[in-house]
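Protein chains: 2
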Amino acid sequence: MNEAYNNIITRRSIRNFTGEIVSKEIIDLILEAGLAAPSAVNKQPWEILVVEDREILDTIANLEGFYTKMTKKASAAIVVCGNTEKTLPGLAQIYWVQDTSAMTENILLASHALGIGAVWTGVYPSVDRVKKVSELLDLPSHIIPLNIIPIGVISNENTFAKEIDKSCIHYGKWTK
Amino acid sequence: MNEAYNNIITRRSIRNFTGEIVSKEIIDLILEAGLAAPSAVNKQPWEILVVEDREILDTIANLEGFYTKMTKKASAAIVVCGNTEKTLPGLAQIYWVQDTSAMTENILLASHALGIGAVWTGVYPSVDRVKKVSELLDLPSHIIPLNIIPIGVISNENTFAKEIDKSCIHYGKWTK
Numbered sequence: 608m609n610e611a612y613n614n615i616i617t618r619r620s621i622r623n624f625t626g627e628i629v630s631k632e633i634i635d636l637i638l639e640a641g642l643a644a645p646s647a648v649n650k651q652p653w654e655i656l657v658v659e660d661r662e663i664l665d666t667i668a669n670l671e672g673f674y675t676k677m678t679k680k681a682s683a684a685i686v687v688c689g690n691t692e693k694t695l696p697g698l699a700q701i702y703w704v705q706d707t708s709a710m711t712e713n714i715l716l717a718s719h720a721l722g723i724g725a726v727w728t729g730v731y732p733s734v735d736r737v738k739k740v741s742e743l744l745d746l747p748s749h750i751i752p753l754n755i756i757p758i759g760v761i762s763n764e765n766t767f768a769k770e771i772d773k774s775c776i777h778y779g780k781w782t783k
Numbered sequence: 608m609n610e611a612y613n614n615i616i617t618r619r620s621i622r623n624f625t626g627e628i629v630s631k632e633i634i635d636l637i638l639e640a641g642l643a644a645p646s647a648v649n650k651q652p653w654e655i656l657v658v659e660d661r662e663i664l665d666t667i668a669n670l671e672g673f674y675t676k677m678t679k680k681a682s683a684a685i686v687v688c689g690n691t692e693k694t695l696p697g698l699a700q701i702y703w704v705q706d707t708s709a710m711t712e713n714i715l716l717a718s719h720a721l722g723i724g725a726v727w728t729g730v731y732p733s734v735d736r737v738k739k740v741s742e743l744l745d746l747p748s749h750i751i752p753l754n755i756i757p758i759g760v761i762s763n764e765n766t767f768a769k770e771i772d773k774s775c776i777h778y779g780k781w782t783k
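One line per chain: the protein sequences are A and B, in this order.
Taking my numbering, the leading residue of the first sequence gets 608, the next gets one more, and so forth.
Taking my numbering, the leading residue of the second sequence gets 608, the next gets one more, and so forth.
Each hint should be verified, as a subset may be incorrect.
Repeated chains share a single entry, so a pair holds when one copy, or any two copies, can fit it.
Claimed, not checked - Subject to a maximum C-alpha distance of 27 Å in a straight line, what follows is the list of computed DSSO-like cross-link-like pairs (lysine-lysine):
#, residue 1, residue 2
1, Lys650, Lys693
2, Lys738, Lys773
3, Lys676, Lys773
4, Lys650, Lys738
5, Lys739, Lys680
6, Lys769, Lys679
7, Lys738, Lys769
Honestly, the hints are just simulated from the structure, not real lab data.
Just chain A, with the same shape it has in the complex (with noise of 0.2 Å):
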C-alpha cells in the first residue's frame, strides 16, 4: 500500500463540518502545502486570505449565488486568489488560473491527509462572485478570488464511490 497515493485517490469534497476549531498548526500545515503547487515560470502569482472571523465565515455562508452554506460550521475558509502584479505577461497572464488551481488541489489533498474535511467552492469566473467576494475581504482590482474553501472538522464524510469515467482515455492520437 502506498499511503501518499491512496491519498490522492480517496480524497472526497466535504461538506459537513462539526463546527469544531481547527489549529493554527494544522491550517499552516495546509497552506504550506498549496505553497508546494508549481506554476507557469515559476511565478507563483497567488495570494491567500485565511478567514476564521465567525461574523465574515457567517456571511459567505449567506452570500447569494454561491454555494458555501457548509461555511456556517466550517472552522475557516481559504480564499486562494490569483494577483495579476504577479503573473506573466499578455496571454500568459490567465496562466494565473492553472496555478491557482494546482495550489487548491494541493490544499484539498493536504487536508484529507492530514484528517480535515475541505471543499472547493467556486468564484471566478463569475463577475457576480468575483464582485461580492472582493467587496466582502477588501480586495484591490488586481487581486481575483478563484475560489472559497471551507474547511473544518468532519462530522460526516461522504463515502460513496465516486463514479470515474474512463472513456476520456485515449491512447495514441486521436481517433474519434
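Given the coordinates of chain A, assemble chain B onto it according to the supplied hints.
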C-alpha cells in the same frame, strides 16, 4: 511522519529521464489519480491522450516555441485536454481550465508517489501551441490541450530546495 502530506511538499518538476520505459500498469495508476480530481458540478470536462509512440514523442521534443525537449528521453507524454462539449454552459465553460489543472496536479503528485518523474509544460492559452498540438494529435476544435506532461524514469532528480514565499498568506481581510 505523514507520507501522504510529505508527498505534496516534496514533489518537484523532473526534466531528466533515463529513456527507460514506464510500465502500462504504472501509467494507468497515474491516469486513475488524474481522474480522481474534483471538477465543477462534477462535469469531468476532460480527455487525456497518452502518447507512447517514439516518433510522436520526438516530434513533441522538437516543437518550436515549447519547453518540451525532455520528451526526447521520456517514456510517454500525457496530454491533458478540456472537452468544451462536456462543460457547463456560458461563461462557466471556462471552468474546464480549473478542472484540468486540478487533474494535472493529481497526475504530478501520483507520479511522484510512484517514483516516476513528470513535468507540466504549458500549452493553453498560447494560440500557437494549441494549434501545433491539435494538428499533431488530430484534435477536433472542441478538444483543447491544456498541457503536455512528459513522464519517465528519473535520471537526475532536481534536489535543490524550492524557495517558498510565505508573504502571500494573509489572515482576515486584505490589508495591504
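The hints, checked one at a time:
1. Taking identical chains as interchangeable, the C-alpha atoms of Lys650 and Lys693 lie at most 27 Å apart only when both belong to the same chain, with a minimum of 7 Å there against 31 Å between chains.
2. Taking identical chains as interchangeable, the C-alpha atoms of Lys738 and Lys773 lie at most 27 Å apart only when they sit on different chains, with a minimum of 26 Å there against 37 Å within one chain.
3. In this homomeric assembly, Lys676 and Lys773 never come within 27 Å of each other (Cα to Cα): the closest approach is 32 Å inside a single copy and 29 Å across copies.
4. Taking identical chains as interchangeable, the C-alpha atoms of Lys650 and Lys738 lie at most 27 Å apart whether they share a chain (25 Å) or sit on different chains (25 Å).
5. For the identical chains of this complex, Lys739 and Lys680 are intra-copy neighbours only, at 21 Å inside a copy versus 48 Å across copies, given an alpha-carbon limit of 27 Å.
6. Only within a single protomer do Lys769 and Lys679 lie at most 27 Å apart by alpha-carbon distance; the minimum there is 26 Å, versus 36 Å between protomers.
7. Taking the shortest alpha-carbon separations for Lys738 and Lys769, neither the intra-copy value of 33 Å nor the inter-copy value of 34 Å comes in at or below 27 Å.
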